[in-house]
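Trainee: One-letter residues, chain by chain:
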Amino acid sequence: MSSFSEFISLEDPTVKLVLVGVLMISISSALIGNYAFLRKRAMIGDAVAHSVFPGVCLSFIVNGEKNPLMILAYSIITGLIAMFLIDVVSKHKRVKTESAIGIVLSLFFGLGIVMLSYIQGNMGSQQSGLGHFFFGQAASLSEQDIDVISIVSLVIIVGVVIFYRGFKTVSFDRSYASARGYKVVLLESLISILTVMAIAIGINAVGIVLMAALLLTPASSARLWTSSLSMMMLLGVMFSVISTVMGTYMSYAVDKSPTGPWIVVFLSVIALGSILIAPKKGVIPRWLSNAKNKKHG
Amino acid sequence: MGDIWILLLSSIIAISCSLIGLILVLKRMAMLSDAISHSVLPGIVISYLIIGEMDYSFFTLAAIATAIVSTLLIEGVSRLANYRKDISMGIVYTLLFSIGVILLTKHQDTVPIQSDHVIQGNLEMVPLEPMWIINDAYLLGPYSMWNGIINLVLVALFVGIFAKQIKIWCFDSGYASSLGMNTKLLSLILMVLTSFTVVSSFSSIGAILVIGFIVIPPSTAIIVSNTFKSAIWISCSISVVSCVLGLYAAKFFDVSIAGMICLVMSLIFMAVFVFTKYSRLARS
Chain Z
44 MSSFSEFISL EDPTVKLVLV GVLMISISSA LIGNYAFLRK RAMIGDAVAH
94 SVFPGVCLSF IVNGEKNPLM ILAYSIITGL IAMFLIDVVS KHKRVKTESA
144 IGIVLSLFFG LGIVMLSYIQ GNMGSQQSGL GHFFFGQAAS LSEQDIDVIS
194 IVSLVIIVGV VIFYRGFKTV SFDRSYASAR GYKVVLLESL ISILTVMAIA
244 IGINAVGIVL MAALLLTPAS SARLWTSSLS MMMLLGVMFS VISTVMGTYM
294 SYAVDKSPTG PWIVVFLSVI ALGSILIAPK KGVIPRWLSN AKNKKHG
Chain P
32 MGDIWILLLS SIIAISCSLI GLILVLKRMA MLSDAISHSV LPGIVISYLI
82 IGEMDYSFFT LAAIATAIVS TLLIEGVSRL ANYRKDISMG IVYTLLFSIG
132 VILLTKHQDT VPIQSDHVIQ GNLEMVPLEP MWIINDAYLL GPYSMWNGII
182 NLVLVALFVG IFAKQIKIWC FDSGYASSLG MNTKLLSLIL MVLTSFTVVS
232 SFSSIGAILV IGFIVIPPST AIIVSNTFKS AIWISCSISV VSCVLGLYAA
282 KFFDVSIAGM ICLVMSLIFM AVFVFTKYSR LARS
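Chains as they are written, first to last, in my numbering: chain Z, 44 to 340; chain P, 32 to 315.
Hints were generated in silico from the structure; no laboratory data involved.
Heads up, the beta-carbon is just placed ideally off N, CA and C, and yes, glycines get one too.
Please note that a few of the clues may not be correct.
With a cut-off of at most 27 Å between alpha-carbon atoms, the simulated BS3-like pairs for lysine-lysine come out as follows [said to hold, decoys possible]:
hint, chain 1, residue 1, chain 2, residue 2
1, Z, Lys-136, P, Lys-58
2, P, Lys-137, Z, Lys-136
3, P, Lys-137, Z, Lys-59
4, P, Lys-58, Z, Lys-139
5, Z, Lys-211, P, Lys-116
6, Z, Lys-83, P, Lys-260
7, P, Lys-137, Z, Lys-323
8, Z, Lys-136, P, Lys-195
9, P, Lys-137, Z, Lys-299
10, Z, Lys-139, P, Lys-116
11, Z, Lys-134, P, Lys-137
12, P, Lys-260, Z, Lys-134
13, Z, Lys-139, P, Lys-215
14, Z, Lys-299, Z, Lys-323
15, P, Lys-195, P, Lys-58
16, Z, Lys-83, P, Lys-58
17, P, Lys-198, Z, Lys-134
18, P, Lys-198, Z, Lys-139
19, P, Lys-116, Z, Lys-323
20, P, Lys-198, Z, Lys-323
21, Z, Lys-139, P, Lys-195
22, P, Lys-215, Z, Lys-134
23, Z, Lys-323, Z, Lys-83
24, Z, Lys-299, P, Lys-260
25, P, Lys-116, Z, Lys-136
26, Z, Lys-139, P, Lys-260
27, P, Lys-137, Z, Lys-139
28, Z, Lys-324, P, Lys-116
Calculated Cβ distances over 12 Å to all of chain P for the following chain Z residues [to be verified]:
hint, residue
29, His-93
30, Val-105
31, Lys-109
32, Leu-128
33, Ser-149
34, Ile-156
35, Phe-215
36, Asp-216
37, Arg-217
38, Ser-218
39, Tyr-225
40, Leu-229
Using the sequences and the hints, build the whole thing.
Mentor: Dropping the structure here:
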């Protein structure tokens, strides 16, 4: 077990590399996650994260190796198909949105499991490393992975900055945005594409099962501290960065443990802490101000 | 010979899932099964670490306890922080599942639960499980199947005895309470039975594929049927048919059985979905 100071001083070049990768991932997910939060599409991120798994497997079957660029391309495609399917299925008048999410999630995840067992059985590669995509294993990121992750993250960050005004208007009030002449459908599709991209790189760090937390939890915690979207993004990124550094360290320090669960634990601690102490909206400040009011009243 | 146990066990699990699932889907609580199935993991791991052996009844109790804790947490978080339900659900289940995975990987050498099986299911191993044999002569099948049977009986009793109440509760919750029905009690029983179902299927189909077993057949049935009763029969039949087809397809392609069953269920759903849409279009 290496000490935290050793870890954070980045003396080990591989640690440095990995940390750059996971930080890019957490920053981009925390940013784009705000829109999933605001547009009330929290669980859709979860379903899409499960749905990129067959894309990962398919890329492996087609290419016979772990090629980060191909994995990215295939998982973005399957993720987008899943998002589209959720929309189509939930439009049926006898299928509720929650069920549509569950159906699409299990359709793609079942497909992924079938493909994975095919790979394990026929391609003789128990060590294919596909298992890392379940819970995330930042330590296994290669230099090539980090390159892909960094480029995609930059695209997401730049996209969020450039389209800030449009995304914001569309997320808060769709009909107002359309009245103001924003191209609503285009902007919404852009948000979806950027979200799927964030998920496709994010599963490297936190894995399929826990990806929802990386999108959702920073935004939800930040929402308790502020009402402005730009502050929410800033705080969310901060929370996410802290949790990612701590989580990656813990996964290094505790033998063989995956990164994802640790990052999520720290994210959740921050979320629960925010629920308790956030000014105005937190439980304790509210309780204190209630007590004060009672005294004076 | 081994296949028959896989077929029986998967069908038993699938029927329990679709009975419970029908109520969950009608109550718009489909994603609660997602939350419960994930939060059950820490309960099972912790209970193993406490007693140090695989004791199914203890697992069930621990899982039901964690399911209740997670439901209370979801409720509490969404009330305290003013979140919508799905957001607090996302926060709570990912936290609990993370704790489960961390404990599981930390005690990998002592806990006989593999994180792979939690994800992928493990129906293939059913024929190799310890069998219940009476008097050295009567082979009654693997123990896990009998756990599934107990669960199925409980679920079927719940649906059978409270059929009328469930029906009213599903379609008009306000009317149900105005009739003086104890809807809180119904929710509690539903939640306990959901966690029981998730636990009994945990070792064979895993924590994630179970969502498909719970959501897909009932959703398919709801599309095509007009009464509660026919929805029950249709969704149970779809479950069993999927188990049979899934098992043989999986054997044929030599892939994961649980995954294949889930895939067959979704293909049936898609076929029904497209067909009903198409036929409605053709009519109009």
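Trainee: Against this structure, judge whether each hint is valid.
Mentor: Hints versus structure:
A C-alpha spacing of about 15 Å is found between Lys-136 of chain Z and Lys-58 of chain P, which places the hinted pair at or below 27 Å, so the restraint holds. At most 27 Å may separate the alpha-carbon atoms for a hinted pair to count; Lys-137 of chain P and Lys-136 of chain Z exceed this at roughly 46 Å. Simply put, Lys-137 of chain P and Lys-59 of chain Z have alpha-carbon atoms about 25 Å apart, close enough for the 27 Å limit, and the pair holds. A hinted pair counts as satisfied when its Cα atoms are at most 27 Å apart, and Lys-58 of chain P with Lys-139 of chain Z qualifies at roughly 10 Å.
With a C-alpha separation of about 23 Å, the suggested pairing of Lys-211 of chain Z with Lys-116 of chain P holds against the 27 Å cut-off. For the proposed pair Lys-83 of chain Z and Lys-260 of chain P, the alpha carbon gap of about 34 Å is over 27 Å, so the pair is violated. For a cut-off of 27 Å, the pair hint linking Lys-137 of chain P to Lys-323 of chain Z is broken: about 39 Å separates their Cα positions. Among the hinted pairs, Lys-136 of chain Z with Lys-195 of chain P is consistent with the structure: their alpha-carbon atoms are about 24 Å apart, no more than 27 Å.
Taken as a hint, the Lys-137 of chain P and Lys-299 of chain Z pair is honoured in the structure, with Cα atoms around 8 Å apart against an allowance of 27 Å. A C-alpha spacing of about 16 Å is found between Lys-139 of chain Z and Lys-116 of chain P, which places the hinted pair at or below 27 Å, so the restraint holds. With a C-alpha separation of about 44 Å, the suggested pair Lys-134 of chain Z and Lys-137 of chain P falls outside the 27 Å cut-off, and the hint is violated. Proximity of Lys-260 of chain P to Lys-134 of chain Z is assessed by CA-CA distance (about 25 Å); at most 27 Å being required, the pair is judged to hold.
The straight-line distance between the Cα atoms of Lys-139 of chain Z and Lys-215 of chain P is roughly 23 Å, inside the 27 Å bound, and the hint therefore holds. Restraint check for Lys-299 of chain Z and Lys-323 of chain Z: the C-alpha separation of about 41 Å exceeds 27 Å, so the hint is violated. With a C-alpha separation of about 15 Å, the suggested pairing of Lys-195 of chain P with Lys-58 of chain P holds against the 27 Å cut-off. For the suggested pair Lys-83 of chain Z and Lys-58 of chain P, the alpha carbons sit about 19 Å apart, so the restraint of at most 27 Å is met.
With a C-alpha separation of about 24 Å, the suggested pair Lys-198 of chain P and Lys-134 of chain Z falls inside the 27 Å cut-off, and the hint holds. Note on Lys-198 of chain P and Lys-139 of chain Z: the hinted pairing holds, with a Cα-Cα distance of about 18 Å set against a maximum of 27 Å. Between Lys-116 of chain P and Lys-323 of chain Z the CA atoms are separated by roughly 21 Å; this keeps the pair inside 27 Å, and the hint holds. Our distance criterion of 27 Å between C-alpha atoms is broken by Lys-198 of chain P and Lys-323 of chain Z, whose separation comes to about 43 Å.
Only pairs whose Cα atoms come within 27 Å are accepted, and Lys-139 of chain Z paired with Lys-195 of chain P is accepted, the gap being roughly 23 Å. Between Lys-215 of chain P and Lys-134 of chain Z, the direct Cα distance comes to roughly 31 Å. Violation of the 27 Å bound is thereby established for this hinted pair. Our distance criterion of 27 Å between C-alpha atoms is met by Lys-323 of chain Z and Lys-83 of chain Z, whose separation comes to about 23 Å. Proposed proximity of Lys-299 of chain Z and Lys-260 of chain P is contradicted: the alpha carbons are some 50 Å apart, above 27 Å.
Distance restraint check for Lys-116 of chain P and Lys-136 of chain Z: the Cα-Cα separation of roughly 22 Å lies within the 27 Å cut-off, and the hinted pair is therefore satisfied. Restraint check for Lys-139 of chain Z and Lys-260 of chain P: the C-alpha separation of about 20 Å stays at or below 27 Å, so the hint holds. With a C-alpha separation of about 39 Å, the suggested pairing of Lys-137 of chain P with Lys-139 of chain Z is violated against the 27 Å cut-off. Note on Lys-324 of chain Z and Lys-116 of chain P: the hinted pairing holds, with a Cα-Cα distance of about 17 Å set against a maximum of 27 Å.
Its closest Cβ contact with chain P, about 7 Å, brings His-93 of chain Z to no more than 12 Å, contrary to its assignment away from the interface. Taking the minimum C-beta to C-beta distance to chain P, about 17 Å, the non-interface status of Val-105 of chain Z holds against the 12 Å cut. Under the 12 Å C-beta cut-off, the non-interface status given to Lys-109 of chain Z relative to chain P holds; the minimum distance is some 18 Å. A cut-off of 12 Å between C-beta atoms contradicts the statement that Leu-128 of chain Z is not in contact with chain P; the least separation is 9 Å.
Annotated as non-interface, Ser-149 of chain Z brings its C-beta within 12 Å of a C-beta of chain P; the closest such distance is 3 Å. Annotated as non-interface, Ile-156 of chain Z brings its C-beta within 12 Å of a C-beta of chain P; the closest such distance is 3 Å. Taking the minimum C-beta to C-beta distance to chain P, about 15 Å, the non-interface status of Phe-215 of chain Z holds against the 12 Å cut. Every CB of chain P is more than 12 Å from the CB of Asp-216 of chain Z (nearest about 17 Å), matching its label as outside the interface.
Under the 12 Å C-beta cut-off, the non-interface status given to Arg-217 of chain Z relative to chain P holds; the minimum distance is some 17 Å. No Cβ of chain P approaches the Cβ of Ser-218 of chain Z within 12 Å, the least distance being about 21 Å, so the stated non-interface status holds. Listed as outside the interface, Tyr-225 of chain Z is consistent with that label: its C-beta sits roughly 25 Å from the nearest C-beta of chain P, beyond the 12 Å cut-off. No beta-carbon of chain P is positioned within 12 Å of the beta-carbon of Leu-229 of chain Z; the least distance is around 26 Å.
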